[in-house]
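**Student:** For reference, the chains in residue letters:
4 protein chains.
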Amino acid sequence: MKKIGIIGASGYTGAELLRLIAMHPEFELKVATGETKAGTAIRDLYPSLAACYPTENFASFNPSNIDGLDLVFCALPHGISQSIIPAIHSSVGHIVDLGSDFRLQDPSLYNEWYATEHSCPELLSEFVYGLPELFRSEIRKAPLIAATGCNAAASIFALAPFVKSEAIESKGLIVDLITGVSGAGRPPKEMTTFCAVGENISPYGLLTHRHTPEIEQALTTYSGYPTSVLFTPHLAPMNRGIIATCYGRAKHEITTDEALHQLHSFYADEPFFVVDERPPSTKFTLGSNTVHLTARADVRTGMIIMIAALDNLMKGASGMAIQNANLATGIEETTGLPIAGLYP
Amino acid sequence: MKKIGIIGASGYTGAELLRLIAMHPEFELKVATGETKAGTAIRDLYPSLAACYPTENFASFNPSNIDGLDLVFCALPHGISQSIIPAIHSSVGHIVDLGSDFRLQDPSLYNEWYATEHSCPELLSEFVYGLPELFRSEIRKAPLIAATGCNAAASIFALAPFVKSEAIESKGLIVDLITGVSGAGRPPKEMTTFCAVGENISPYGLLTHRHTPEIEQALTTYSGYPTSVLFTPHLAPMNRGIIATCYGRAKHEITTDEALHQLHSFYADEPFFVVDERPPSTKFTLGSNTVHLTARADVRTGMIIMIAALDNLMKGASGMAIQNANLATGIEETTGLPIAGLYP
Amino acid sequence: MKKIGIIGASGYTGAELLRLIAMHPEFELKVATGETKAGTAIRDLYPSLAACYPTENFASFNPSNIDGLDLVFCALPHGISQSIIPAIHSSVGHIVDLGSDFRLQDPSLYNEWYATEHSCPELLSEFVYGLPELFRSEIRKAPLIAATGCNAAASIFALAPFVKSEAIESKGLIVDLITGVSGAGRPPKEMTTFCAVGENISPYGLLTHRHTPEIEQALTTYSGYPTSVLFTPHLAPMNRGIIATCYGRAKHEITTDEALHQLHSFYADEPFFVVDERPPSTKFTLGSNTVHLTARADVRTGMIIMIAALDNLMKGASGMAIQNANLATGIEETTGLPIAGLYP
Amino acid sequence: MKKIGIIGASGYTGAELLRLIAMHPEFELKVATGETKAGTAIRDLYPSLAACYPTENFASFNPSNIDGLDLVFCALPHGISQSIIPAIHSSVGHIVDLGSDFRLQDPSLYNEWYATEHSCPELLSEFVYGLPELFRSEIRKAPLIAATGCNAAASIFALAPFVKSEAIESKGLIVDLITGVSGAGRPPKEMTTFCAVGENISPYGLLTHRHTPEIEQALTTYSGYPTSVLFTPHLAPMNRGIIATCYGRAKHEITTDEALHQLHSFYADEPFFVVDERPPSTKFTLGSNTVHLTARADVRTGMIIMIAALDNLMKGASGMAIQNANLATGIEETTGLPIAGLYP
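Heads up: the sequence lines are chains A, B, C and D, in that order. Under our numbering, the residues of the first sequence are numbered 495 to 838, in order. Under our numbering, the residues of the second sequence are numbered 495 to 838, in order. Under our numbering, the residues of the third sequence are numbered 495 to 838, in order. Under our numbering, the residues of the fourth sequence are numbered 495 to 838, in order.
Don't read these hints as lab results, they were simulated from the structure. Everything numeric in this text was worked out from a predicted model, so none of it was measured. A hint or two may mislead.
Because identical chains cannot be distinguished in the list, a pair is counted as satisfied if it fits within a single copy or across any two copies.
[Stated by the list, open to error] Pairs of lysine-lysine, DSS-like flavour, derived with a Cα cap of 25 Å:
#: 1; residue 1: LYS658; residue 2: LYS745
#: 2; residue 1: LYS745; residue 2: LYS665
#: 3; residue 1: LYS497; residue 2: LYS635
#: 4; residue 1: LYS524; residue 2: LYS635
#: 5; residue 1: LYS524; residue 2: LYS496
#: 6; residue 1: LYS496; residue 2: LYS635
#: 7; residue 1: LYS683; residue 2: LYS531
#: 8; residue 1: LYS524; residue 2: LYS497
#: 9; residue 1: LYS531; residue 2: LYS497
The shape of chain A in the complex, shown without the other chains (with noise of 0.2 Å):
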């Protein structure tokens, strides 16, 4: 058994980590901290998980808690992480950190997109981005994986495929995404009050989406090839989900048995992966770590749509947190995730 830890267990996708574990054959929780809810339960912050954690409390943060664990999941808002893992990670086996912080290479592109300056860019180049379909030879064995952003997500499954086999120009690239409200954390704000969210389709972060220059970052370092991506996320009455629909210049003539074919090909021994020629709904993934895709040409304006469906919580955060912490610490990459969906 793998001893682990989660710092910043008492926000979404914390609590998502501790239902995963509480599935996991291979994972045992030591520590779960949360700085707001320190010695609260578990229980009682969350009910939906008291008949696995009747008697659990969260704890508050401190280096002796997580001393020799093999791996810890960093589950903080943005901007914290970047404090407190260099004092830990030389005492830990593994860290994957669900935060932004150390998922941009270039300091300057998280100073220009996060309008503040990086506190540990030292560390930036030693840590993995943890996109196991992209990137799942530099992730095994990893100590230090960044693992990406729900929104970029499905935007890199979506459009990898495409940018990478040249089928469509890599810049002007858009994607226009709809997400469920648990992406914007636990803490009640004015945007996601049930009135504010619910009958309702809002957009949001027209142009400045912090998670933009992550999916390029990813595309181009993927493809080699340049990219610039417009992305227009929208805010949907429903708790989880997400779904990508890209658009994509065609360099060349294809029609959509020839995109479907490729998406097909790309995904084909991916177990966590459904291509079809229907489009994907988010509710196809509910509490799974699974992702639908599918793909269209239109030769009417000679563009290629392509879309991806998850879970944010799952595929788009802790799924995707649990599926790297199985490739890093060395045991089979599907352990302990669910690949069937509630429905409905």
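Chain A is fixed; fit chains B, C and D onto it per the hints.
**Tutor:** Okay, now just chains B, C and D, sitting in the frame of chain A:
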């Protein structure tokens, strides 16, 4: 008082017409037909209308019922009005058709997108396209009006100012649209059950949605430029509301301020339009005839984003139909049309 | 035109008053205060109202702003109006308070259920309880009106006919109620985020909800019989709507037909009431001032079920407040109040 | 590995069985029939299951398909299993019927509540009522099990401890229940479209719901006291979840602490039960086999409130069916059943 009839009043757009006519100071309902519901009390099918229609029933269609009416709304399933309007149009003052039968002026386009022959092509050229903000002078006093489709309306409102001003390339326009469920009509279908829609986003009609040629026709007619559109709708878990997020390639450098200024100027005198830098949400428009819009220019990719939100049953269907009817019958255009949205 | 003010206009009941006053032919808004939003444009906080309030701002409260107004609505958080109304009630024509401060006539009840002393008990007896269907004659011309709470209104509407007629035991009444989220107000709270409410039903306030004594007081005052109520509310994933399913022990044998007949007779002359054998749904009432009711007698258990549904922001708050204001200022009671619900 | 079949696998409870069996370490699916979907790929009807059933199809029912299986689940529409089970029960090891045909032991009750004759009354007495927490010893090794209805399960779980202990009068019990839409099944109906359910609460089946006699039978059998129940369900805008808020007249003085203590003691050894002072929410149970409960004693009215929440497709149907199957086939009762809810 104008004497008004509704043919096909038992569907959602028919019911919305009933609601609006009950509040309209110059329209008096004379007959509301509904073939499958003939003899049923309006209050039994729509208890929401019980207090304004306590005793009225849906009637069976009969030309004698509508002979001599000032104006008739047709709120029939697509394909039906082309078999009815030829028989009645000379016996009533005006017809506003909410269906799609008479929107496309070119019968070959109808054949291509609807996969069937039009049974009454000779009337196509007598219909005016009922989008007041673009074709107001043609609509005034027009005897035959084909009101705009809900998705098309949102898309055209967002794109028209920028196609007309040549700010964007008129070909290769992308419309990524999210719609509530009421647009699919009242009869139960597999894709519209609560369990199919709740907690879900589903793209549909990829490459083939019938509002595509309608958008192209309206933009081309209005601007004089040839247009092509890639239109991708998504079904969202809400009753009402459409948001069209549109992308066009800027023909020359433009800033967001300039784009917003163009949008403001274009709709400056329109009573039902709100232009703002704040992104529009569908819920701002609930139950009202108001459209909310914004725009952005992205220097990184050279694209302009144009977004419009409206209530699909109001400005997207029955509200716009009343607006057309007001213009056709020569009364004040805004009569009987709420401009405040229900919130929350 | 009556000159109208709103104190506390930035919350949901305030915004609903703004919406209704914009459509009211005899009310003219003079001032709308909102302490935390003073200086903010109404259209920025409520874009849904942008088309009717394009330039107006929320003001800071100042007695001079409201001096001489014909009527002032107080839509303040509970506990605030008792500190404001004493200072202003002599300088305005009428006050309709939407909060709970002046609903309970007995100050000891206030102390018991609100766990605090009332700061202005001497004014309690000058307030009329603003439930027009039961206390219309007292409300006409009344200077001070405490409008009924939303949950209490639904419960009283269902129970009053049967308590009054002695069809049911007046003690041990059970009210099992389901409410939408807008009743909890605009400020974000942990229990009102989308992720807390979506796909969820949560009972709350077990045994202790403050509308309990209000229901008892109104039923006792109206019927003359001592009453006791066990009130259990549940929070449901919807923006608006309340349904009160009430149970009372039949005092003597009664059939469902007789129960329905009693209900019909009781509300026969009320313009906002729909009685039907069909069970009411909250959505029948969306955006309207209409109440839908039914009843059943169960011979197996000797109970009568009484059910009422309404829109909590309309007939449960702002719509009822306008109805009270119409009565108080001597104009037609139904003026400016929609009776058709928005459906779907 | 036990060889398992599902008859009627294309509905929601069938699909949930498919999901659970895919994760069950000791059950192996041999056949899944679905008459209207025979020949359809499971992944086409339920894309959520595509990753675990990539190539399997629904079969047509044929006795030879199931001959010799260890256990067969019947997940058929009500009224069908009584025509199928007589022909197959001797050729398979065990049958767990999820429908209502064999739940009522007294055929006259069936006739009264289902308004039709039972076609196989002679088998009624051979079925065990499949509610493990109350009838575990009868279920172990039982060949024929009629699993409890979803609404009945929630109601019985809340009431049984207090009826058994004589804390409440066993007659005149009130069950006010709120349920998600999946309980109504997969086929589209007017009352289950998104537009009918979204933003709505609707009571239904007043006085006549068929789970009423089932609740009475189970409580009476278990406690030995005659019971009568008034059962009122409400349909709510959510996919899954049932909450039963139950009211009983206290037979003698009792405090909330004592009531909670009774509840704790009753379910102390049950792995799927969480008792807490905090009111349960349906969402605590999403996707899990866990039941959450609380209780209150109201000294003002002399009533006890008992509340239970569960996932109608899990502990209310397919999860409970698996639990019954585990008991029947002699394996560990909790095998393959998740206890953590998906949140949010």
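**Student:** For each hint, tell me whether it holds in the structure or not.
**Tutor:** Okay, the hints, checked on the actual structure:
1. LYS658 x LYS745: within (12 Å within a copy, 28 Å between copies)
2. LYS745 x LYS665: Both. Shortest intra-copy (11 Å) and inter-copy (17 Å) distances satisfy the 25 Å Cα cut-off.
3. LYS497 x LYS635: Only inside one copy: LYS497 and LYS635 sit 16 Å apart there, 40 Å across copies, limit 25 Å.
4. LYS524 x LYS635: Cα proximity of LYS524 and LYS635: one copy only (21 Å, versus 39 Å across).
5. LYS524 x LYS496: within (10 Å within a copy, 36 Å between copies)
6. LYS496 x LYS635: Within. Shortest intra-copy distance 14 Å satisfies the 25 Å Cα cut-off; inter-copy 38 Å does not.
7. LYS683 x LYS531: Intra 18 Å, inter 17 Å, cutoff 25 Å: intra and inter.
8. LYS524 x LYS497: The answer is within: 6 Å in one copy meets 25 Å, while 38 Å across copies does not.
9. LYS531 x LYS497: within (22 Å within a copy, 47 Å between copies)
Comparing the model with each numbered hint stated earlier shows that all of them hold.
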